[in-house]
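Colleague: The lines below spell out each chain.
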Amino acid sequence: MKAPIMKTLLAATVSMTLAMSAQAADTIKLGVAGAHSGDLASYGLPTVNAVKLVTDEVNAKGGIDGKQIELLIEDDVCKPEVATNTATKLVSEGADVVIGHICSGATKAALPIYTSADILVVSPSATSPELTQSGDYPNFARTIAADDVQAKTIVDFALDELGVSKIAIIHDKGDYGKGLAEFAQAYLQSKGIEEVLFEGVTPGAVDYSAIVRKIDRSDAEAVIYGGYHPEASKIVKQMRKKRMDTAFLSDDGVKDDTFIKVAGKDAEGVYATGPRDNTTNPVTIAAREAHKAAYGDDPGAFYDNAYAAALAVVAALENAGSTDLDALKKAMQENTVDTPVGTISFAENGDAVGVGFTMYQVKDGAYVQAK
Amino acid sequence: MDYFVELFFSGLTRGSIYALIALGYTMVYGIIGLINFAHGEIYMIGAFTSFVVASVLSIMGLPLLAIIVLAGLAAAIWASAYGYTIEKIAYKPLRNAPRLSPLISAIGMSIFLQNYVLLAQTSNFLPFPELIPDFEFLEPIAHIIGTTDIVILLTTAVSMIALLILIKFTRMGKAMRATAQDKTMARLVGINVDRVISNTFIVGSALAAIGGMLIASHVGQINFYIGFIAGIKAFTAAVLGGIGSIPGAVLGGFILGLTESFATGYVSSDYEDVFAFSLLVLILLFKPAGLLGKSSIEKV
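Sequences listed follow chains A and B, in order. For the first sequence, the working numbering assigns the number 1193 to the initial residue and increments by one for each residue that follows. For the second sequence, the working numbering assigns the number 22 to the initial residue and increments by one for each residue that follows.
Think of the hints as simulated: they come from the structure by calculation, not from any bench. From a predicted model like this one, the values you see are computed outputs, not experimental measurements.
Using C-beta positions, here's what the derived DEER-type ranges look like: (1) A:1395 x B:87: 32 to 40 Å; (2) B:81 x A:1488: 41 to 49 Å; (3) B:309 x A:1367: 33 to 41 Å.
Here are the simulated SDA-like cross-link-like pairs (lysine to any residue), alpha carbons at most 25 Å apart as the crow flies: (4) A:1521 x A:1511; (5) A:1370 x B:295; (6) A:1453 x B:85; (7) A:1365 x B:294; (8) A:1370 x A:1467; (9) A:1555 x A:1450; (10) A:1434 x B:29; (11) A:1365 x B:292; (12) A:1365 x A:1386; (13) A:1434 x B:178; (14) A:1434 x B:161; (15) A:1365 x A:1348; (16) A:1522 x A:1283; (17) A:1344 x A:1413; (18) A:1434 x B:154; (19) A:1453 x A:1436; (20) B:189 x B:313; (21) A:1434 x B:176; (22) A:1358 x B:287; (23) B:204 x B:56; (24) A:1370 x A:1413; (25) A:1521 x A:1325; (26) A:1522 x A:1257; (27) A:1457 x B:84; (28) B:308 x B:124; (29) A:1365 x B:299; (30) A:1453 x B:150; (31) A:1244 x A:1230; (32) A:1434 x B:159; (33) A:1457 x B:153; (34) B:315 x B:179; (35) A:1521 x A:1254; (36) A:1300 x A:1537; (37) A:1453 x B:168; (38) A:1434 x B:23; (39) A:1555 x A:1432; (40) A:1453 x B:76.
No residue lacks a Cβ here, since even glycine has one placed at the ideal position from N, Cα and C.
Work the whole structure out from these sequences, hints included.
Modeller: This is how it looks when you write it as structure tokens:
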């Protein structure tokens, strides 16, 4: 399976290199890097499709300031050690802007190479918070929310909308749940609030009444839970059994209809964050239909984010009128773009403003947007 | 003080859940010296059976009490059939094999049953109906102990006493004790050893199935994997109390449940397993046969 894909890619790269030399400098070179083969190819290939669709449309309309966009597609198989080679290759081929990489690890490995070459990199899917927050990569932007955005959304909602100050943070000791709980804790402390309880529970245990009692005793007004729905529904059920009406806030691992089905009437009033709903956004519908028309099936993972990244890059190139990094960044921060993930612009650190999570609440057996 | 009482009762509930399942482990071990790792799966199958039956009956609009009784009966019978069949398929042919063989066979059976239910039913969590209603008169102490907790506690106590009576005072119990002491000798005096072993599996499986129904109703959800963790904890409880001893299994269950509950309450739930298993190691260091187990000389 691997070999044919590699061969096709190689062929594509070679043909593109030939095309490049033929067309000389009259094109804008857009690198597309990510996993295009191997285990994680399903994360990377939708991005290639999205970028192709957007650039084909731009090129058909005469390009940007008369320049056609030319794609340089490179595979990094989501491996950091390969990603550095991919980046070096793209830089030496003269890429002006890069869309990618897909995985956080590979992105982090490749970024210093682009940074030293002053090339703008826009990732559709790398969610590691430090990529934007460390300040080490001024040339980096992304069209997906960072991992800690969800925790911030939950904490902000608890503090501002629910007006609580005593918060217990519970997690399931897993990568996802504990990570979220730790982000929530750090963010809460940065606001000068100490949580009343921070503990992990064992997933799959037969009974959570001891921890539920501990929450009760801590006088918490709200519980923030990091983890998935099976434990969340057990904890919520036992809280209600103990006649506690403490607010329960959780993450998109709980924003699942199974949670409502299993927790039944006890699910009512539970808050959970989830990605913004874009299914009625005309840009999203158009992007997905374009994919269906071109490839005959529904788009895969991160397609919307990748489509948004491509649109943002095209808009920035048009507004800036050059491929200079500072001009591009300025254009991205000053202008908004309508994309499949919503109307977005970019913050100073490269995170997209307008992409992210929103709070849902269970009402009458369904999740509805809270507020 | 209130907090202590609350933690005590929550530990007691958890402990009786472990004890109900541990009884099956300890009975089988007492008779044929085998750790029946598929026992946790029997518990899970019991929970699934009662789920199906209770769902159907509640659609038919039967009163709650009838649903509990019929679902419990159906679960006990169905799970007993599984227990009986497992013994015949996986353990009986290996009765004279080295000790390790039936153990591996048991682990294989456990994995098989998990995946069988996964394929035949679903991998999703299913909402289990609340079979035990909240009694009005318990409302003032609902924050300390709920109706389900009381039902689980009582069921465990009743099961333990009934089992003790069965073993001490009935013909079948006498046959069981004889088989446990010496299989060959029991056979010589005319006891049908195979039937005694089958009976043990049937009784143990029925108990696990009823436990499965009660616990599923307590936590409100089931899936194909619930038997594994519950089984491991119950096995720990059985070893702690002295595997082979029936009061030992119940004592072990309570000690394990209370330790976990107090560890969560006074230290941190991050360490509940650490405390539980440290306690197991400590007890086994000083009493290698468990709290109530008889240390016997290995027959070679």
